[in-house]
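Peer 1: Each chain, letter by letter, is given below.
2 protein chains.
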Amino acid sequence: MTDLQRSAEVLSVGTELLLGDILNTNAQFLAQELAQLGIPHYYQTVVGDNVLRIQKAVAIACERSRLLIFTGGLGPTPDDLTTETLADFFGVPLVERPEVLEDIAQKYARRGRQMTPSNRKQAFLPQDAMILPNPTGSAPGMIWQPRSGLTILTFPGVPSEMKEMWRQTAVPYLISQGWGQGMIHSRILRFWGIAESALAEKVSPYLNMENPTVAPYAGNGEVRLRVSAKAATEAEAEALIAPVEQELKAIAGTDYFGVDDDTLASVVGKQLKAKGHTLAVAESCTGGGLGHLITTVAGSSTYFRGGVISYDNLVKVSLLGVRSADLERYGAVSEVVACQMALGVRQRLGASWGISITGIAGPDGGTDEKPVGLVYIGIANPQGQVECFQYQFGSFRGRDFTRWLSACTALDLLRRKLL
Amino acid sequence: MTDLQRSAEVLSVGTELLLGDILNTNAQFLAQELAQLGIPHYYQTVVGDNVLRIQKAVAIACERSRLLIFTGGLGPTPDDLTTETLADFFGVPLVERPEVLEDIAQKYARRGRQMTPSNRKQAFLPQDAMILPNPTGSAPGMIWQPRSGLTILTFPGVPSEMKEMWRQTAVPYLISQGWGQGMIHSRILRFWGIAESALAEKVSPYLNMENPTVAPYAGNGEVRLRVSAKAATEAEAEALIAPVEQELKAIAGTDYFGVDDDTLASVVGKQLKAKGHTLAVAESCTGGGLGHLITTVAGSSTYFRGGVISYDNLVKVSLLGVRSADLERYGAVSEVVACQMALGVRQRLGASWGISITGIAGPDGGTDEKPVGLVYIGIANPQGQVECFQYQFGSFRGRDFTRWLSACTALDLLRRKLL
Numbered sequence: 001m002t003d004l005q006r007s008a009e010v011l012s013v014g015t016e017l018l019l020g021d022i023l024n025t026n027a028q029f030l031a032q033e034l035a036q037l038g039i040p041h042y043y044q045t046v047v048g049d050n051v052l053r054i055q056k057a058v059a060i061a062c063e064r065s066r067l068l069i070f071t072g073g074l075g076p077t078p079d080d081l082t083t084e085t086l087a088d089f090f091g092v093p094l095v096e097r098p099e100v101l102e103d104i105a106q107k108y109a110r111r112g113r114q115m116t117p118s119n120r121k122q123a124f125l126p127q128d129a130m131i132l133p134n135p136t137g138s139a140p141g142m143i144w145q146p147r148s149g150l151t152i153l154t155f156p157g158v159p160s161e162m163k164e165m166w167r168q169t170a171v172p173y174l175i176s177q178g179w180g181q182g183m184i185h186s187r188i189l190r191f192w193g194i195a196e197s198a199l200a201e202k203v204s205p206y207l208n209m210e211n212p213t214v215a216p217y218a219g220n221g222e223v224r225l226r227v228s229a230k231a232a233t234e235a236e237a238e239a240l241i242a243p244v245e246q247e248l249k250a251i252a253g254t255d256y257f258g259v260d261d262d263t264l265a266s267v268v269g270k271q272l273k274a275k276g277h278t279l280a281v282a283e284s285c286t287g288g289g290l291g292h293l294i295t296t297v298a299g300s301s302t303y304f305r306g307g308v309i310s311y312d313n314l315v316k317v318s319l320l321g322v323r324s325a326d327l328e329r330y331g332a333v334s335e336v337v338a339c340q341m342a343l344g345v346r347q348r349l350g351a352s353w354g355i356s357i358t359g360i361a362g363p364d365g366g367t368d369e370k371p372v373g374l375v376y377i378g379i380a381n382p383q384g385q386v387e388c389f390q391y392q393f394g395s396f397r398g399r400d401f402t403r404w405l406s407a408c409t410a411l412d413l414l415r416r417k418l419l
Numbered sequence: 420m421t422d423l424q425r426s427a428e429v430l431s432v433g434t435e436l437l438l439g440d441i442l443n444t445n446a447q448f449l450a451q452e453l454a455q456l457g458i459p460h461y462y463q464t465v466v467g468d469n470v471l472r473i474q475k476a477v478a479i480a481c482e483r484s485r486l487l488i489f490t491g492g493l494g495p496t497p498d499d500l501t502t503e504t505l506a507d508f509f510g511v512p513l514v515e516r517p518e519v520l521e522d523i524a525q526k527y528a529r530r531g532r533q534m535t536p537s538n539r540k541q542a543f544l545p546q547d548a549m550i551l552p553n554p555t556g557s558a559p560g561m562i563w564q565p566r567s568g569l570t571i572l573t574f575p576g577v578p579s580e581m582k583e584m585w586r587q588t589a590v591p592y593l594i595s596q597g598w599g600q601g602m603i604h605s606r607i608l609r610f611w612g613i614a615e616s617a618l619a620e621k622v623s624p625y626l627n628m629e630n631p632t633v634a635p636y637a638g639n640g641e642v643r644l645r646v647s648a649k650a651a652t653e654a655e656a657e658a659l660i661a662p663v664e665q666e667l668k669a670i671a672g673t674d675y676f677g678v679d680d681d682t683l684a685s686v687v688g689k690q691l692k693a694k695g696h697t698l699a700v701a702e703s704c705t706g707g708g709l710g711h712l713i714t715t716v717a718g719s720s721t722y723f724r725g726g727v728i729s730y731d732n733l734v735k736v737s738l739l740g741v742r743s744a745d746l747e748r749y750g751a752v753s754e755v756v757a758c759q760m761a762l763g764v765r766q767r768l769g770a771s772w773g774i775s776i777t778g779i780a781g782p783d784g785g786t787d788e789k790p791v792g793l794v795y796i797g798i799a800n801p802q803g804q805v806e807c808f809q810y811q812f813g814s815f816r817g818r819d820f821t822r823w824l825s826a827c828t829a830l831d832l833l834r835r836k837l838l
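So the sequence lines, in the order shown, correspond to chains B and X. Numbered per my numbering, the first sequence spans residues 1 to 419. Numbered per my numbering, the second sequence spans residues 420 to 838.
The reader is advised that the hints may include incorrect statements.
Derived BS3-like pairs: lysine-lysine, alpha-carbon spacing no greater than 30 Å straight-line [to be verified]:
| # | chain 1 | residue 1 | chain 2 | residue 2 |
| --- | --- | --- | --- | --- |
| 1 | X | K540 | B | K249 |
| 2 | X | K526 | B | K370 |
| 3 | B | K270 | X | K789 |
| 4 | B | K230 | X | K475 |
| 5 | X | K526 | B | K417 |
| 6 | B | K202 | X | K526 |
| 7 | B | K273 | B | K249 |
| 8 | X | K621 | X | K836 |
| 9 | X | K692 | X | K668 |
| 10 | X | K540 | B | K202 |
| 11 | X | K694 | X | K668 |
| 12 | B | K370 | X | K582 |
| 13 | B | K249 | X | K526 |
| 14 | X | K621 | B | K107 |
| 15 | X | K789 | B | K273 |
Honestly, the hints are just simulated from the structure, not real lab data.
Produce the entire structure from the sequences given, and follow the hints as far as they go.
Peer 2: In structure tokens form, the structure reads like this:
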């Protein structure tokens, strides 16, 4: 089969999606699964509980896709319309399946409940459709080829039921029908300290590759390159990815920090562990956010001593040993104070490294001289030397983002020192 | 306008969505916003970074919808295709907008970075399109009527940028153009310390109301009731909501903590300010997360002194005055140590209140006696008395969620003390 002959479309049915009451996690799950199976997936559609609009969506989908995967609309209530609308669209009668009815009745009995007349509706499927069993819920789905070259799978909208049905029945079925040949395997390379556009320019020849493909993404200050290979097996895909990955890392140099699930905090953690070093933090404008990031990593207690949240100037003096005269003279947001904070926390907590952050997160508190977004980061090293770095993150991204960037930038500075 | 003449479609552009790399939270946000504005919304489409398929999706969407809302594909890289594909589809030339280029250059300069040539692409918009400013990022969107009766809005895929642009520019524009007639106005009531099912039972008669409607939601430990009224004006909607809101609050009692954008941290902040009290925190398993939450509130420096992240036991002793003998005897995760941490941080930071958190966040470190998920929270009050609360959050929700619940529960305890 060519890619077009094999392409899938995910159709999510439910007015609750169009009202924003729920997030479409089913579509993401199915997208990941289709990618893993190597089934091309070019469109997703969301449509409400409305016969006419579901039919219109089906008409479009079966023109452009060969595998239609429906979630939602299989329940017992009158606004659950997927099965009957599909049968009607393809002009095939619904037939009651006694085995489904029996199964639903048993499931209700086991929970000490009575099946309601409305559940009977769930036992009707198009006459030539196969039952797609639902081991963890009442409504079964179906596997149906209403015409040659078109396969329809239906699932309930409840994510846990859908996933179980997908894994237990749909995946083996699709592989047996030749859908799963060749898989797409991806690796995410992660970068900090370079803009998306700058990285894209550095690696521009790679962005036109066909297998693997390389695509840049950005978000929350981080830039990512996704390297995706299509191959018969995961090992073959990895073999296609590996040389490109090495070249991209070489081009990016120290702006590259990790792969897949790595974070700045986990990478710094590994570096500290490898060196047997420890870390302490002194936080002003981030208010504990840096410590929180560091301790997202399970096992961080082996290298993270802790820290001082010196939000108030008195705390900078009493717990970190910052000199009152310098606070007076230079202000809390200054190079001098950042240095004393880093040195103080390193020494008082007995750590190899001390990091400090002091800045103006905004929205208020800025002046002409010290505008919102001005941040100083101090790093005291195991030799007891201290360096200070000044950043101007601007005010336009807001308080939360400035604090996030400050904490991540501090981790990135330490990462570079530990390289 | 009739409903069909006013219906919107959300089109999300990005191969990362079709590979399942990211969850389509933008579509949910826009769905909620459209519902609030009373703009009918019947379809959502997801399509990859591919000119031909984007064009096909546009062709379908402008047959069935009158307001097309695009997210994604506005970045500087070659696979960002939304603007040029739309211009091409409607046969309108792209024109460079010097003011956009100037704005991007300034934003780069403020962060001490150089704009790259590829950013220039972001300054091109169809010649008769209006700029939709992006205050928090580089890529602007557009507001465009390529033909009579068809409005197109484009947004970058980065959720924070998209939301800001939507609120600041798109909503006022849509209302000014008559899209928002007959609005749905909602209020979110927020609760902590009660399960969704328990709250739903308490308020069950309200869940069948028609105008306003009342719907329960739960997430991240918080339970919410959305009260939505349909009316001609916001004031009329508010008048419908107000009595129901009062009744729901009365039923929920102290489990109700706030409305709309309130958070536990902002509510506690208001309480502390009103009383002229101050707060200090001593954090072990949350590693700074409680301080971080408290300082998300702008102006929190008026009541938040700071804290100690006592991740290592030595820090509990040296900076908080916890007795070594008690650490030895009872362990760091114990009522005795939680009490000493709360008292210690209150006293050493000179605050009215001291809160401490010590627990086993997991996944490792649990024992039969002290399993993963066991958390002690200590609260020292302005009279210098201390109370300790024990929680068993279990291990099944994972490390991050246990830490989050711990920090929020600590804030909720303080909130109740301050009532």
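Peer 1: Compare the structure with the hints numbered earlier in the document and write down the numbers of the violated ones, lowest to highest.
Peer 2: none
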